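K.L.:
Using the sequences and the accompanying hints, generate a full structural model.
Heads up, the sequence shown is in full-length UniProt numbering, so the first residue is 1 and it goes up one at a time.
One thing to keep in mind: the hints can contain errors.
[What the hints assert, rightly or not] No more than 30 angstroms apart at the CA atoms, straight line, and that leaves these computed lysine-lysine pairs for DSS-like:
hint : residue 1 : residue 2
1    : K239      : K218
2    : K236      : K189
3    : K233      : K408
4    : K352      : K286
5    : K233      : K249
6    : K286      : K326
7    : K249      : K218
[As the list claims (entries may be wrong)] Just the calculated beta-carbon pair ranges, DEER-fashion:
hint : residue 1 : residue 2 : range
8    : I340      : Q81       : 17 to 27 angstroms
9    : P244      : E190      : 37 to 47 angstroms
10   : D250      : E41       : 40 to 50 angstroms
11   : T123      : A377      : 17 to 27 angstroms
12   : N422      : I340      : 41 to 51 angstroms
To be clear, the hints were calculated from the coordinates, so they are not data collected in a lab. Nothing here was measured: the structure is a model prediction, and the numbers come from that model. Note that CB positions come from ideal geometry on N, CA and C, so glycine has one too.
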Amino acid sequence: MSRRFALVTGALALSLLTTGCVAGTSSNAPAAADDQPFEGEVEFWTINLKKNYSDYIDGLIAGYQKQHPKVTIKWVDVPGQESATKLLAAVASGDVPDVVNVNSVELGRFVPSLTPLDELLKTEDLADFQPNLVEPLRTDGKLYAVPWYNGGAPVAMYRKSVVSKAGFDEAAPPKSYDEALELGDKVYKETKVYGSNIIPDHNVLRYYGISLLSADRKKAEFNTPQAVEILEKFKKSYKSGIAPGAISKDIRNLPQSLENEQIAFKPTANAAELLNIQKNSPDVYKDLVITEPVQMNTGNYLLLAQQAFSIPKASKHKKAAAEFLKYVTNGANQLAFCKIVPIYPSTISSTKDTFFTQAESGDAMGAARQVIVKGLAKLEYKPIGTSKDAELGEYLSEEVRAFLSGTKSAKEALDTAEKQWNDALAS
Numbered sequence: 001m002s003r004r005f006a007l008v009t010g011a012l013a014l015s016l017l018t019t020g021c022v023a024g025t026s027s028n029a030p031a032a033a034d035d036q037p038f039e040g041e042v043e044f045w046t047i048n049l050k051k052n053y054s055d056y057i058d059g060l061i062a063g064y065q066k067q068h069p070k071v072t073i074k075w076v077d078v079p080g081q082e083s084a085t086k087l088l089a090a091v092a093s094g095d096v097p098d099v100v101n102v103n104s105v106e107l108g109r110f111v112p113s114l115t116p117l118d119e120l121l122k123t124e125d126l127a128d129f130q131p132n133l134v135e136p137l138r139t140d141g142k143l144y145a146v147p148w149y150n151g152g153a154p155v156a157m158y159r160k161s162v163v164s165k166a167g168f169d170e171a172a173p174p175k176s177y178d179e180a181l182e183l184g185d186k187v188y189k190e191t192k193v194y195g196s197n198i199i200p201d202h203n204v205l206r207y208y209g210i211s212l213l214s215a216d217r218k219k220a221e222f223n224t225p226q227a228v229e230i231l232e233k234f235k236k237s238y239k240s241g242i243a244p245g246a247i248s249k250d251i252r253n254l255p256q257s258l259e260n261e262q263i264a265f266k267p268t269a270n271a272a273e274l275l276n277i278q279k280n281s282p283d284v285y286k287d288l289v290i291t292e293p294v295q296m297n298t299g300n301y302l303l304l305a306q307q308a309f310s311i312p313k314a315s316k317h318k319k320a321a322a323e324f325l326k327y328v329t330n331g332a333n334q335l336a337f338c339k340i341v342p343i344y345p346s347t348i349s350s351t352k353d354t355f356f357t358q359a360e361s362g363d364a365m366g367a368a369r370q371v372i373v374k375g376l377a378k379l380e381y382k383p384i385g386t387s388k389d390a391e392l393g394e395y396l397s398e399e400v401r402a403f404l405s406g407t408k409s410a411k412e413a414l415d416t417a418e419k420q421w422n423d424a425l426a427s
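P.N.:
Right under this line is the structure:
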């Protein structure tokens, strides 16, 4: 696995651990901040970066310490699968990091033990961040983290040599899953190449505007007549517009893919997939047209997670921690990071650089960067919002597979998934 792809699949992976909320521990008492000197040792935690990106982080630290000789940065890198449990243990002991990298999916459980950053950051300190990436990090009006990097807006990928035979216009690509299904059926009719390998999982349902959970997140509410209708639409395209292998559980290695030239397009995808296509199927890579992806019913795109930074209440160096946090997340430093790994910034200024605004002809990754930065302001951060997101998602996907394979009706599949969700949420 390349260094660039390793970060996307590692640091951006959702670490949905099931440990409980940390409220009520002795370490929730805040350390005094107003009289703290701008000096001391700042303990800085990241997730899954040391192995492949130590040069970048060490360079950040060296540059900061040169500017602030009274501050020493102690860098601790935590494996992704251990990040939540290690922070829980640190909070419980009172021996906390001063700046901690938190997956946004995990943020809620730590809020009682974090410092509201409104106490440490001015409005102008947040001015360069994409507002839609900052606002989801607030709880009850208070900001508990600032955004760092994310996987970017999705893109769509089309094999021009195939889709052109079905009348595809790259200036007017599908804007919805309904339009993508229609194109897939046309492609198969004209070329006998499968359209795509999408199935109506929980993310697709949200693109149609289906609510997954009740407001209190205790009950599933996706089992609706509209959801039945959506599943039936996909069934009509299955094995023509949708490849038969789309129901495989091994979603990272589907039998029909762009790489093996057995599908024609992906209406929404993570741009990091282009790295594998470029490596394993260079002819396909050269044939790709990159466009805006399908949109949610709101006109926006779904963001499931972002990496962020917080400052624990028990930190004894909050002022120094806040200054270092601002430094690590500033536009210049985020841009430098994005140039060595396919991640995307939370800062607006970073997206103005020619690295994002220009692309050579035929460079699919360069074209993807242009599409992505245009879409960053349209990202909607919407995880399922429980400690069991991955489990719940797989329950629904498995029932959708059963439906598409013909062993259940759409209503039976949704009924079963609804019960599984409710049982899991109640346990």
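K.L.:
Evaluate each hint against the coordinates.
P.N.:
Going through the hints against the structure:
no.	hint	in the structure
1	K239 to K218	violated (36 angstroms)
2	K236 to K189	holds (14 angstroms)
3	K233 to K408	holds (15 angstroms)
4	K352 to K286	holds (26 angstroms)
5	K233 to K249	holds (21 angstroms)
6	K286 to K326	violated (39 angstroms)
7	K249 to K218	holds (27 angstroms)
8	I340 to Q81: 17 to 27 angstroms	holds (24 angstroms)
9	P244 to E190: 37 to 47 angstroms	violated (19 angstroms)
10	D250 to E41: 40 to 50 angstroms	holds (46 angstroms)
11	T123 to A377: 17 to 27 angstroms	holds (19 angstroms)
12	N422 to I340: 41 to 51 angstroms	holds (44 angstroms)
The structure does not agree with the numbered hints 1, 6 and 9 stated previously, though it agrees with the rest.
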